[in-house]
Amino acid sequence: MKQQTLAQGSFELYRKPTKREKFLNDMEQVIPWQALHDLLMPYYPKAGNGRPPVGLMKMLRLHFLQHWYNLSDPGLEEALYESESVRRFAGSDLGCEPVPDETTILRFRRMLEEYDLGRRLFAEVGRMLQERGIKVSGGTIVDATIIAAPSSTKNADKERDPEMRSTKKGNQWHFGMKLHIGVDSKTGLIHSAAASSANVHDSEVLPDLLHGNETRVYGDSAYRDQAQTIRRKAPRAKDFTQARAYRNRPLTESETTANRTKSTTRAKVEHPFLVIKRLWGFSKVRYRGIAKNATRTYVACALANLFLARRCAALQRV
1 MKQQTLAQGS FELYRKPTKR EKFLNDMEQV IPWQALHDLL MPYYPKAGNG
51 RPPVGLMKML RLHFLQHWYN LSDPGLEEAL YESESVRRFA GSDLGCEPVP
101 DETTILRFRR MLEEYDLGRR LFAEVGRMLQ ERGIKVSGGT IVDATIIAAP
151 SSTKNADKER DPEMRSTKKG NQWHFGMKLH IGVDSKTGLI HSAAASSANV
201 HDSEVLPDLL HGNETRVYGD SAYRDQAQTI RRKAPRAKDF TQARAYRNRP
251 LTESETTANR TKSTTRAKVE HPFLVIKRLW GFSKVRYRGI AKNATRTYVA
301 CALANLFLAR RCAALQRV
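Using the UniProt record's numbering, the letters of the sequence shown map in sequence onto residues 1 to 318.
Just so you know, not all the hints are guaranteed correct.
Unchecked claim - Distance windows between CB atoms, simulated:
(1) Q172 x Q29: 40 to 46 Å
(2) K238 x E78: 47 to 53 Å
(3) G170 x E114: 36 to 42 Å
(4) T153 x E28: 41 to 47 Å
(5) G289 x P235: 32 to 38 Å
(6) A245 x K158: 40 to 46 Å
(7) D157 x Q34: 40 to 46 Å
(8) E270 x Q228: 23 to 29 Å
(9) A156 x H201: 29 to 35 Å
(10) I146 x R110: 24 to 30 Å
Stated by the list, open to error - Computed cross-link-like contacts, EDC-like style, restricted to lysine to aspartate or glutamate with a CA-CA straight-line distance of at most 20 Å:
(11) K16 x E82
(12) K233 x D208
(13) K292 x E163
(14) K58 x D38
(15) K284 x D202
(16) K292 x D157
(17) K186 x E270
To be clear, the hints were calculated from the coordinates, so they are not data collected in a lab.
From a predicted model like this one, the values you see are computed outputs, not experimental measurements.
Where a beta carbon is used, it is the ideal one built from N, C-alpha and C, also for glycine.
Let the sequences and hints guide you as you build the complete structure.
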């Protein structure tokens with residue numbers, strides 16, 4: 001055992017847990033590690049003639065760290081060397097082994113993309129939440145947000161990402177993709193998600209965001225006049241989307257009051273976007289192509305649900 005100096009002992013005596021350590025400890029408690037491990041195990045490389053693979057549980061932890069701190073593959077490797085709290089969460093000990101390199105991290109992410117495992121991780125987390133008593137109610141809030149992509153052509157291919165598109169919001173053009181989500185009106189958790197290029201209108205993805213047992217569907221004015229689409233997917237649902245004013249037809253007083261009432265519920269859809277885009281930095285794509293970024297969005301939605309529900313007493317028993 002390495003001898004501890006007086007200075008080191010004094011430092012540990014007055015040491016204070018950091019925000020990062022508190023956050024990682026919270027997530028350690030609520031993530032269903034064994035269920036996710038078992039889900040991925042059939043797809044994970046087995047030991048053979050080459051270098052033995054890093055443990056799956058460690059790679060899963062590293063992948064989640066990459067989401068939470070918006071790190072590139074080499075950036076995650078650097079963080080493992082720099083931060084003791086990150087190494088502790090990942091289960092890496094520099095006294096016994098090196099940390100996984102950026103190529104190992106890349107290959108794990110490619111495996112998730114190849115087998116569409118991001119979608120399955122999201123579904124497994126949703127199943128676990130319902131199993132723990134966090135049920136999906138009859139109300140769904142639908143919305144979409146733009147994830148920006150680089151519009152510059154100053155790259156090796158001399159072109160922008162061919163799968164990304166432009167869309168106009170207000171008076172400003174945006175280039176990238178969209179994350180569409182369906183959020184439970186009672187819990188504020190995401191139960192459905194989809195990814196598309198930015199030029200796809202929000203209403204086109206609406207059927208994919210409904211679970212079918214809704215009694216109410218909330219949305220902004222982009223989802224107006226979709227009553228028939230809603231009824232086909234959710235026959236018992238009532239249309240609670242926002243009314244829109246036009247140049248020669250302003251909203252009536254009753255419509256304005258109704259919009260304000262609907263907005264108090266619809267505001268819950270912004271909470272997952274806050275977590276994914278602001279707290280975890282997924283406001284810009286990191287990879288080229290919709291499929292790669294879709295995998296990231298599904299995992300981000302699963303982790304956002306766990307983060308938003310982390311104070312629930314039922315999750316503390318996971």
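* Which numbered hints fail -> none
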